[in-house]
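Chemist: Here is what each chain is made of, one letter per residue.
There are 2 protein chains.
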Amino acid sequence: MSILEVSHISKSFGSKHVLSDINLTFEENKIYGLLGRNGAGKSTLLSVITDRNFANNGEVKIDSEDVRDNDSKLGMMYLMSEVNLYSNGSKLTQIIKDSESLYGGFNHELADRLIKEFGLDINQKFGKLSTGYNSIFKLILALCLPVQFVLLDEPVLGLDANHRELFYSELIQSYSDNPRTFIISTHLIEEVANIISDVIVLDQGRVILNQPVEDVLAKNHSVVGPEKDVKQYTKGLNVIGHDMIGNIRANYVYGDLDDRVLPDTVQLSNFDLQKLFIFLTNQYEGGTDNEDK
Amino acid sequence: MSILEVSHISKSFGSKHVLSDINLTFEENKIYGLLGRNGAGKSTLLSVITDRNFANNGEVKIDSEDVRDNDSKLGMMYLMSEVNLYSNGSKLTQIIKDSESLYGGFNHELADRLIKEFGLDINQKFGKLSTGYNSIFKLILALCLPVQFVLLDEPVLGLDANHRELFYSELIQSYSDNPRTFIISTHLIEEVANIISDVIVLDQGRVILNQPVEDVLAKNHSVVGPEKDVKQYTKGLNVIGHDMIGNIRANYVYGDLDDRVLPDTVQLSNFDLQKLFIFLTNQYEGGTDNEDK
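Taken in order, these protein sequences are the chains called A and B.
Counted from 1, the first sequence has number 124 at position 124 by our numbering; the numbering is strictly sequential.
Counted from 1, the second sequence has number 1066 at position 66 by our numbering; the numbering is strictly sequential.
Simulated from the structure, these hints should not be mistaken for laboratory data.
Nothing here was measured: the structure is a model prediction, and the numbers come from that model.
Treat each hint with caution, since some may be false.
To be verified - Okay, derived cross-link-like pairs now, BS3-like style, lysine-lysine, Cα gap no bigger than 30 Å in a straight line:
#1 A:K16 <-> B:K1091
#2 B:K1016 <-> A:K91
#3 A:K128 <-> B:K1030
#4 A:K61 <-> A:K91
#5 B:K1116 <-> A:K16
#6 B:K1030 <-> B:K1235
#7 A:K275 <-> A:K30
#8 A:K30 <-> B:K1275
#9 B:K1061 <-> B:K1116
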């Protein structure tokens, strides 16, 4: 029912352009992965969207209404981030009560289950939580508040493997019970690759990829074989990276292969989202068909 | 040439037993993965080994000599951890100089390359570094100081996927150029699974696994098929976890399968180190052959 639109958002800190003309549409009931290197602008974008930070240009709208200073629209979003909004002396139970009255609701049944599963001491004070439990507490808030847009910035920071797996499975369960829109920013790309429906890649403050995950993965091809044959086969294709092991070369192609004939010596397979991300956000200069190396 | 031995180490904070009778031997030129859930005692163990923290019982020896207050033995180890040893106002170049004179050497050639590859601003002050670059700077120290034992506690905290991949490849290169002993504590288990030679799992302050990785992986079996057949086949085996999808059951076995006959309906394969870790450190109660669920 609700759509979140980001139009022409730009943001500078001093002379540094952190976000440059960002245009994005977040549709209802999708799970977006927002990927980018450290410093790419992800956290800034999420804080601009939720009006914690202001942009120099552009606007953020929910259902065509600007969210800036707009309590009813801002109340449709929750941003879980590394920045702590709560005072260290507050008890977790009190933060839940305050958030419930601010957002007009709270799923206590789900929260009770999550608190038990994660082993969170709910009588603790916020400032006493470890990095991992700080994340866990804010994740519980994010999943239990009645918002249409859940924005998660590095949600699993400090979580061990068991708690990460538990979180991913609870996220899917919560989404399935109550479909809404998630925007997840994370460095652990392979762990969310099966969860997200769409992938957005920010690089140096610009959107360089914005597509459904399955479309992206369908364009990932690894071409492996003798160096000469691989180079010949991938001539003119969009080679974004390569590996060499002895005389065997792997060229990584992002895009369509057209109908060229595959030599018997060369094997095609796919590669994963994290590898694609690394190639797209590294400067790659060895992939042109003119190279001599 | 050098062996690090941990004997009967116990440590309590108040009434809480953080480490209980830990016995470990770290041999030369191996790469150990030290795994454990949040709170399992990993960081405490590493700080006890390096004499930053004292144990209530037990001792740590290098080549049969107690390391406690023993500068020549302590100088053989470097612990890179979340705890910052350096003052925020110090320039990175000064910290390198001080560390070089403390440890009696520094691989400037390698450091220069790493600084360039990671894009670290070496003229920065320590306190101005982001979480990611704080880790990166300490990793460069760890790889370039002339120590026999390199202890890394959550080395990739805050690093993006590109920098993590770069670090793993530089670690392998550095190890290959100059073999020494590494102890790596991390929550990103699958990312180090191909790097480590031995795996140690701590759980609630005790060592519950200590083996070469290849031996561990050879004992990981997933048994998949119709529920009845799978339960029948795995009867009496060490089932440490299971999944159900519709009528299909996967039982996860850790240990030998003996020479029992595999039914045609059941498929055997392997599962990965992270999954094993999760099973071993979760309380699992659904795996006995007596279960009714």
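Chemist: Would you mind marking each hint as holding or not holding in the structure?
Modeler: Going down the list of hints, with the structure as the test:
1. A:K16 <-> B:K1091: holds (23 Å)
2. B:K1016 <-> A:K91: holds (23 Å)
3. A:K128 <-> B:K1030: violated (37 Å)
4. A:K61 <-> A:K91: Given that 30 Å is the threshold and the Cα spacing comes to 34 Å, the pair is violated.
5. B:K1116 <-> A:K16: holds (21 Å)
6. B:K1030 <-> B:K1235: At roughly 37 Å apart (the allowed maximum being 30 Å), B:K1235 and B:K1030 break the hint.
7. A:K275 <-> A:K30: It holds: about 23 Å lies between the C-alpha atoms, which stays within 30 Å.
8. A:K30 <-> B:K1275: holds (28 Å)
9. B:K1061 <-> B:K1116: violated (37 Å)
Hints 3, 4, 6, 9 from the earlier list are contradicted by this structure; the remaining hints agree with it.
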